[in-house]
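Dock chain V against chain S, hints included.
From first to last, the protein sequence lines are chains S and V.
Residues in the first sequence are numbered consecutively from 1, following this note's numbering.
Residues in the second sequence are numbered consecutively from 1, following this note's numbering.
Treat the hints with care, as some may be off.
[Claimed, not checked] Within a straight-line C-alpha distance of at most 30 Å, the following computed DSS-like cross-link-like pairs (lysine-lysine) qualify:
1) V/K14 with V/K66
2) V/K41 with V/K14
3) S/K36 with V/K41
4) V/K14 with V/K55
5) S/K36 with V/K20
6) V/K41 with S/K70
7) V/K64 with V/K20
8) S/K67 with V/K41
9) V/K64 with V/K14
10) V/K66 with V/K55
11) V/K41 with S/K56
Think of the hints as simulated: they come from the structure by calculation, not from any bench.
Only a predicted model underlies this, so the values are computations on that prediction, with no experimental measurement involved.
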Amino acid sequence: GEDVEQSLFLSVREGDSSVINCTYTDSSSTYLYWYKQEPGAGLQLLTYIFSNMDMKQDQRLTVLLNKKDKHLSLRIADTQTGDSAIYFCAETGGYNKLIFGAGTRLAVHP
Amino acid sequence: GAVVSQHPSWVICKSGTSVKIECRSLDFQATTMFWYRQFPKQSLMLMATSNEGSKATYEQGVEKDKFLINHASLTLSTLTVTSAHPEDSSFYICSARLGTEEKFFGPGTRLTVL
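Chain S with its partners taken away, still in its complex shape (with noise of 0.2 Å):
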């Protein structure tokens, strides 16, 4: 079945780097994302990796996919406290439609 599994919460000092982990079962996804969202609104787009890839970055972003382990990561790094939110990492299940996992809430503090 698909299921995508992340760690609830997460809290780092401004400046530290942040690593947000994820799990997925299903060997099959094509493309795993990344979305972030702040409170009362929807969901930004923050990278996506094609699951031939190991590693994608995007300035403070990093993305790590282990796909024999099905272990995808997110690394911020220079955390500020405009990037506390909820991250959901996502993977595309049948009929290419997106399964999300339950969201880490990343609290930056000074």
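Okay, now just chain V, sitting in the frame of chain S:
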């Protein structure tokens, strides 16, 4: 990124009434849109996949007669919650697919049924 809008952003209605939520792709055409609901502090649950010009595909457990979906054009999909009840109160979010893999989300609609 591409822009997806939703209207209204919030709505309060009486139990038994119907509510229509619109999802629009503003700067691109989307043959496929998706409707999700999100309960407080929970993840998104896919309700249905909306295909332009054809019937929507509903996820298991979602009542198609209660949640009516119409995707009449390449830029507009609507979700109508019929005979709404308090348990239908939720945050409804749509997304539209750009190309083959990029999916952009609307800002969401908060529905409160009294």
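Each hint tested on the structure:
The straight-line distance between the Cα atoms of V/K14 and V/K66 is roughly 16 Å, inside the 30 Å bound, and the hint therefore holds. Restraint check: the Cα-Cα separation between V/K41 and V/K14 comes to about 24 Å, which is no more than 30 Å; the hinted pair holds. Proposed proximity of S/K36 and V/K41 is supported: the alpha carbons are some 14 Å apart, at most 30 Å. Among the hinted pairs, V/K14 with V/K55 is consistent with the structure: their alpha-carbon atoms are about 28 Å apart, no more than 30 Å.
Taken as a hint, the S/K36 and V/K20 pair is honoured in the structure, with Cα atoms around 26 Å apart against an allowance of 30 Å. A hinted pair counts as satisfied when its Cα atoms are at most 30 Å apart, and V/K41 with S/K70 qualifies at roughly 25 Å. Of the pairs offered as hints, the one joining V/K64 and V/K20 holds, with about 14 Å between alpha carbons and a cut-off of 30 Å not exceeded. Of the supplied pair hints, the one linking S/K67 and V/K41 holds, its CA atoms being roughly 29 Å apart against a limit of 30 Å.
Restraint check for V/K64 and V/K14: satisfied, since their Cα atoms lie roughly 21 Å apart, inside the 30 Å limit. The straight-line distance between the Cα atoms of V/K66 and V/K55 is roughly 15 Å, inside the 30 Å bound, and the hint therefore holds. Straight-line distance between C-alpha atoms of V/K41 and S/K56 comes to about 29 Å, which keeps the hinted pair within the 30 Å bound.
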